[in-house]
Structures are given as C-alpha cells and as structure tokens.
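Each chain is listed here by its residues.
2 protein chains.
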Amino acid sequence: MNKTDYIIRQIAKSYKKKYENYVITRIWHLLNNSDIKFVTQQHITRPTGRALTDMYFPQIQLHLEVDESQHFNADGSQVEPDIVREADIINATGHTIKRIGIFAKSLEDGIERCVENSIENINQQIDEVVDFIQKEIKSKIDTKTLLLWDIEAEYNPKTYIDRGSITVDDNVAFRTIADACNCFGHNYVGYQKAFAKHAIEEKMLWFPKLYENEEWENEISPDETEIREKKKSDHKAYFDKAKSYPDNLKERITFARVRSNLGDVMYRFKGVYKFDMPASEHAGKIIYKRTSDQVKTYQPINYE
Amino acid sequence: MNKTDYIIRQIAKSYKKKYENYVITRIWHLLNNSDIKFVTQQHITRPTGRALTDMYFPQIQLHLEVDESQHFNADGSQVEPDIVREADIINATGHTIKRIGIFAKSLEDGIERCVENSIENINQQIDEVVDFIQKEIKSKIDTKTLLLWDIEAEYNPKTYIDRGSITVDDNVAFRTIADACNCFGHNYVGYQKAFAKHAIEEKMLWFPKLYENEEWENEISPDETEIREKKKSDHKAYFDKAKSYPDNLKERITFARVRSNLGDVMYRFKGVYKFDMPASEHAGKIIYKRTSDQVKTYQPINYE
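Heads up: the protein sequence lines correspond to chains A and B, in order.
Its first residue numbered 1, the first sequence is counted upward by one per residue in the numbering used here.
Its first residue numbered 1, the second sequence is counted upward by one per residue in the numbering used here.
Read the hints as simulated data drawn from the structure, not as lab findings.
Some hints here could point you the wrong way.
Since copy identity is lost for identical chains, a pair holds within one copy or between any two.
[As the list claims (entries may be wrong)] Straight-line Cα separation of at most 25 angstroms, DSS-like style, residue types lysine-lysine; simulated pairs:
id	residue 1	residue 2
1	LYS193	LYS274
2	LYS3	LYS105
3	LYS3	LYS16
4	LYS209	LYS285
5	LYS274	LYS18
6	LYS138	LYS230
7	LYS17	LYS3
8	LYS18	LYS3
9	LYS209	LYS241
10	LYS17	LYS37
11	LYS37	LYS18
12	LYS296	LYS158
These figures come from a predicted structure and were not determined experimentally.
Go ahead and model the full structure; you've got the sequences and the hints to work with.
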C-alpha cells in the first residue's frame, strides 16, 4: 500500500457522513503535507467501552470530531453525552480533542431553531483546527520529536530496531507475526504460530486474538491493563500447564491480532503482560497484568 | 437551499468514485473562495450525444476531468476515445477542459505497468489547476466581468431583470414557471401551464419537457439548435392548429423542464425558437429552430 492508496481509502470511510467528508478533506488538503499521517474512524479506549473519533493525527495525538448533532442545551452548549464522551477519551488517552460544529442554535422571531452553519463559518472552524495542527507540528519539528510519516518504514521491523524500542503510544502494528518476531532478535521469513520465544531475553512473544473466538474466550480490559484468557474446552489442563511455566516465561510481549481500520489483519503492540497467579485463581480465568507499555528491540542475531 | 447545503450535496455526488472525491474536494478547499460556484457531474452537449464532466466552474467555463483510466497508448498518451470526447466538448461549447491523471505508465524491469501516481504528483497536478482557476478568476475580476456566486440571486428573476437579458451561456434555471414568466413583465405568484404569453413582446413563453413523455414525443438536437415536437395522439390536428398561429406567436422563449443535477425540477433557459414550416412539413413533426441564445428581460408591468 502506498500513500495515495492509504489516503484515498481513509477518506472513503467518511462517505456515509457528508459533513465528515467535507471536514476531513478540507483539513487534509489545507495541511497539504504528506509527511503527516491521519486515520479516520480511530478506535479509542474509554473506561466504559470504546468509541470512534472522526479523524486522528497520531504524530500529535489529536482527535477531531465533526459534530453533526442537532441537539443543544438551552444555552447553546453541547448536550451531556458528547461532553462525557470527550472527557472520557481525554482521560483514557491523554490526547487532545477538537470539534467542528455543523449546526448552531438560532433565535428567529422568538423561535429557537437549529440551523446549518454558513459555509464560511464551517470553513473558519476548520481553518482554526488546521492552524492548531500546524503549530503542533512545528513545535515537534523545533524539538526534533516529529517522526515523519513513512508508510513503508511504519510496517518495517528495521524502523523499530533502529529506534531501540516499541511503545504503545507509537501505535505500532505489523503485517505479519514474523515481522513482529524480527524486532526481538529473530530473522524469520514466515512464522504462523501464536507463540514465539524471544531470541535474546527470557520472555515470550504472544499474538493472541483478544476477543471471543472458536477456541478461546479472551478479552482485554477497556484500559488495556489486563488481559483475560480462557480456553473454551479443557481450561483446567491449560491453566495447570500455564502455572507450571518458569517465572521468566510468564512474561509476554503481546501483539494482538486485529483488523486494521482499513480491514487488513495486523498484529498490534499492546505492551508487556505478566501472568498473575492470585488474580487468575480468583477469576477462574488466566489473568495477565500489564507490566510495561514499552519494550526493547534487538538486531537479528542470525542463528536461525 | 444555502451554500453549505449546495456544496455538500455537490461533493456527495462524487462518493462513488474515490479519486474524484479527492480531486474535487482538494480543488474546492484550496480555491477557498465561496464566491466561486462549481457543479459536479455537469451535463455537456456533444455532437454525438451527451457527456458528463466531473467538475465544472460556470463562471470561467472550465471543466475538469479526473482521469481514472488505466489505459494508455504505448507512448503513454491517452487512448483515443478520451481525446475525441474532449475535442467534442470543446467544439460543442467553447469551454476549456483540464485533466487530472491518477495513473501513469511505468517501465520496471522492462515490463510496462500501470501504476497509481504518488500523492505528491496528484496534488501537484491539482495545484496547477487551482492556479489556473485563480488566474482566470483574477482576470475576470480585473475586467469586472466576474459575477460572484450568489445562490439566492441565482434563482431570483430580479437578478436577470436588473441584468437586462438572459443568455444560454449564463446557464439560467428557475425553480418555478412563475419565476421564469416574471422575467418578461409578469408578476405571478403561481403559474402551472406550459405556455404563457409574453407580457410585453408578441412572443410565447414555453416550458416543455424535451424528452419523450406520456403525451409527447419531444426532443432537442445535441447542439440544442433544433427542437422537435410530436403529439402522441392527434398529432395532425395539433399541427394544423400550430400552423394557424400568427407569425409573431410562432416564436417561443423556451425554458425546458429539467431535473437539476441535484435532482430538483427546474426550468432551464434554452434560447428563443421559431416554428419552421417547411422543415416541419418535411419531418412530420413540428420543428422549431433556434433564432437567438439571448432574450431581453422586463420589469413587471403590474397589470395582473
């Protein structure tokens, strides 16, 4: 996938909501900078579940919401659910959120109406967001902390090996299990299993489906600090085997098998999780607690 | 309908073709001028039928085509049908056409492939078109010949009364028959019939469906210089009656009943047409030939 393809496919996701398509394309075209990545319909973890934001800029951790709601409070402010949702997202992620309002309340002949904003007003709101993004980008450039969007490098293990680590905030996902393994000393061409040994440290590499599937009842907590694993058949035997692992193999560098928001299967870094015996005994499931949201990467050691 | 509504609805027509949506939104957002009108999927008359262009700027008579074709000649030039079509449109209308190419031929390892252009290349092509449009606009401003886009005025008879005339090139369409009549001395609130007398000159005002319908077999020639009318039943009686009109009532200021490209019924000015007896006798249909593509407008005379 090249950038043309990626951008066109991201924008195409907004066709169902006509104002969203307008806002997203305006921001992208006015930013006019193909070093800046964006994602549409970005999944966000919230304490009470998940949410989607309309547009997300991972390099500056900014979300954008196109507010097509025609419901306002008497004083013209947003209705409660939107505000709660926004606060939730900010609390859960530390990210910033900006909103573009499509409708406004107007008082005409003493009657309150909800009217579409003028195109000039909508454009001005968008232009303010574009200014904000450009300032954020500039400040990242000034402090040399901006990673330019490189769609090839993004999926290439070498990028993360050179960087020395992978962190959850970098939102790293690989196309294959082999690519993920190759960040930890391996040099695989292909690898299919959901487990691999770390080539250097005494840890496991794990590629689970963190949702219910044929064999497993797995889940991850909304804040992603806890993974719960249960085998549908023969859970007890599996549990006993898990308990018998030496301590250093109970720690798992975890890449969850996910669908990317363009629909492709990918393996997304979730953190390092450790088997928690008391919690597991108590829950009747195997509980892993996150011990780190960052992991060291290694050059391939070429013994394979 | 306000401009927000109009623009969003015009852009929404491009959702079926993802590159088109990208190009159209980029041009609109970079022009960044809500005085400039655009139309997507603009109907164009050609000698051999009709065509649609992807984006049209009526103020400067510029059409834009997003070329998603993956077929090229051996030398990388466009295939024949596109070129013929383009020449047709230019010949039929005198308008300008610009093209944005999405794909290009590439020679890799001696093998010819058709590859998507880079996003930077596509953007550069679009930006050149935007520059061109801005120069055209500027030159119209300099010569004081730019009519700013005013969505209210556009459908208001007063605009054309003040201007003193309506011409085919202005692409004028009214929402109602009454609005059209009111450009010629009338002061109607409502009017439903397909005929009206000019309030001042001895001409008719005509609002036909120029396509086959329940009662009529009507058509307009591709170059719009000739209208052919045939009543499905009792054509002879109708023909005889038409012949008996005095000469000065055989001239018809014609607004065709059309669907606007947003789907609304409208009455679009086509020109002044005159009943042509020899051609009609010969064709067995009533033939009207266009005598003018411009017509004088009048203030309401308030006798109604």
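Open item on the list: Run through the hints listed earlier and report the numbers of any the structure violates, in increasing order.
Closed with: 5 and 6
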